[in-house]
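Asks: Assemble the whole structure, with the sequences as input and the hints as a guide.
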Amino acid sequence: MADEVILLDTLPSSFGMRVRIALAEKGIRYEYRDEQLLQEKSPLLLQMNPVHKMIPVLIHNGKPICESLVILQYIDEVWNDKPPFLPSDPYQRSKARFWADFIDKKVYDSGKRVLMNKGEVMEQGKKDMIECLKLLEGELGDQLYFGGTTLGFLDIALVPYCVWFHSYETCGDFSIEAECPKLMAWGQRCMGIENVAKSLYDKHKVYEYALQLRERFGVK
Amino acid sequence: QKMAKEGLLLLDMWASPFCMRVKIALAEKGVAYEQQEEDLFGGKSELLLTSNPIYQKVPVLLHDGKPVCESTNIVSYINETWPSPPLLPPCAYGKAQARFWADFIDKKVFEAGGKIWMSSGDELEVAKKDFIEILKQVEGALGEKDYFGGESFGFVDILLIGLTSWFDAFEKFGGFKVEDYTPKLSAWIKKCMERESVAKTIVEPEKIYQCVVMLRKMNGIE
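If you read the sequences in order, they're chains A and B.
Numbering (full-length UniProt numbering) for the first sequence: 1 to 220.
Numbering (full-length UniProt numbering) for the second sequence: 1 to 222.
Treat the hints as calculated values from the structure; they're not laboratory data.
Treat the hints loosely; a few may be bogus.
[What the hints assert, rightly or not] 30 Å max Cα-Cα, derived BS3-like pairs, lysine-lysine:
{"hint": "1", "chain 1": "A", "residue 1": "Lys53", "chain 2": "A", "residue 2": "Lys203"}
{"hint": "2", "chain 1": "B", "residue 1": "Lys107", "chain 2": "A", "residue 2": "Lys41"}
{"hint": "3", "chain 1": "B", "residue 1": "Lys108", "chain 2": "B", "residue 2": "Lys145"}
{"hint": "4", "chain 1": "A", "residue 1": "Lys41", "chain 2": "B", "residue 2": "Lys29"}
{"hint": "5", "chain 1": "A", "residue 1": "Lys53", "chain 2": "A", "residue 2": "Lys182"}
{"hint": "6", "chain 1": "A", "residue 1": "Lys134", "chain 2": "B", "residue 2": "Lys107"}
{"hint": "7", "chain 1": "B", "residue 1": "Lys129", "chain 2": "A", "residue 2": "Lys127"}
{"hint": "8", "chain 1": "B", "residue 1": "Lys145", "chain 2": "A", "residue 2": "Lys63"}
{"hint": "9", "chain 1": "B", "residue 1": "Lys29", "chain 2": "B", "residue 2": "Lys66"}
{"hint": "10", "chain 1": "A", "residue 1": "Lys134", "chain 2": "B", "residue 2": "Lys44"}
As the structure is a prediction and not an experimental result, all values here were calculated from the model.
Replies: In structure tokens form, the structure reads like this:
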């Protein structure tokens, strides 16, 4: 029986991009269904993710899996005939999970503050974001990828932010590249991987979407 | 200050529901460990600050000197390092369900409860309503099962039962009973409290209540 895999997603979503990369890396064929989040949510989304009503949702043979990092681990465990995202050593796994959680708590939050605010809140958002990215740079060290010599869980979790940096920089009038050159180099390296490049949304289109969000939520 | 380089050292705080999660998990696995009580208000130890520089919070589990931080992450680590008895279901979908609800519980339950004892008046009523709504969703995840994972006490049960040590305080300050709104969840709490690992770990509600009274004073509430 062939697997039926459906992804409920929206193109600019950094969380959705994570899943698209993971599916590409594992060579999984799937149906992409676009949710227009600035419009009404589809009945399927509301049915498959009644708790959060958010994308991405992976539907595997009719059963929904929600939350991008949960989806990544699910994909890794089910399609285990392909190279794993998470290392096998429990301590290394705990570090990957710790930093992925850090990204979701801190990087996402500071990015939101930069995009959706002005003045002091935005300034603090910029400072916090740079601080977080520098900590991630520290974690990367001299490795090619967070996963070592190949793309891993943490790389997949973070790389979608690379196409959002342009939006943060433009709205916030600052340069992430100047402060975090190592991370930028890592980002370029990742985007040189075909599965990553084809899964990421164009940064200019992301910026257009960010402007729509700002307008929708009354910023400026 | 202990510098246990061999074996396990838990950086702990007696009232922390997050530390209780880790202690229950270690007890379920039958693993021995040392504890170091942190004085979070008087001064965090050097070991805590160097082991968890990002958040500077407990719990931290040091295994042969290597730190694991964030309680849910620590419970996952414990489960993977000592696989028996397993805390997660064997199938990938069951694991995904468990991780989803772990994430929900982590994002919502304790913070909503905290809003209850930190507010008053209208804000308190809103906080109470939100907390009950969240508990109802969690109760929905339990359904008719004995435990969140099914027939065995596991990952989600451990993550939630630690937090329930604070429910009595939420109830007292909120003027309500969890049992009146989520009776199935209350029954699940009672069932879990019969397990040795849980009974030995969960701090008496009265002591937590006194801790919250002190926290309120410290934060200038009422």
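Asks: Are the hints correct? Go through all of them and say.
Replies: Consistency of the hints with the structure:
With a C-alpha separation of about 26 Å, the suggested pairing of lysine 53(A) with lysine 203(A) holds against the 30 Å cut-off. At roughly 23 Å between alpha-carbon atoms, lysine 107(B) and lysine 41(A) fall within 30 Å of each other, so this suggested pair holds. Our distance criterion of 30 Å between C-alpha atoms is met by lysine 108(B) and lysine 145(B), whose separation comes to about 22 Å. Under the criterion of a C-alpha separation no larger than 30 Å, the hint pairing lysine 41(A) with lysine 29(B) is inconsistent with the structure, at around 44 Å.
Distance restraint check for lysine 53(A) and lysine 182(A): the Cα-Cα separation of roughly 36 Å exceeds the 30 Å cut-off, and the hinted pair is therefore not satisfied. Of the pairs offered as hints, the one joining lysine 134(A) and lysine 107(B) holds, with about 25 Å between alpha carbons and a cut-off of 30 Å not exceeded. Between lysine 129(B) and lysine 127(A) the alpha-carbon distance is near 36 Å, which puts this suggested pair outside the 30 Å criterion. The straight-line distance between the Cα atoms of lysine 145(B) and lysine 63(A) is roughly 19 Å, inside the 30 Å bound, and the hint therefore holds.
At roughly 20 Å between alpha-carbon atoms, lysine 29(B) and lysine 66(B) fall within 30 Å of each other, so this suggested pair holds. Restraint check: the Cα-Cα separation between lysine 134(A) and lysine 44(B) comes to about 25 Å, which is no more than 30 Å; the hinted pair holds.
In summary, the structure is inconsistent with hints 4, 5, 7 from the numbered list given earlier, while agreeing with the others.
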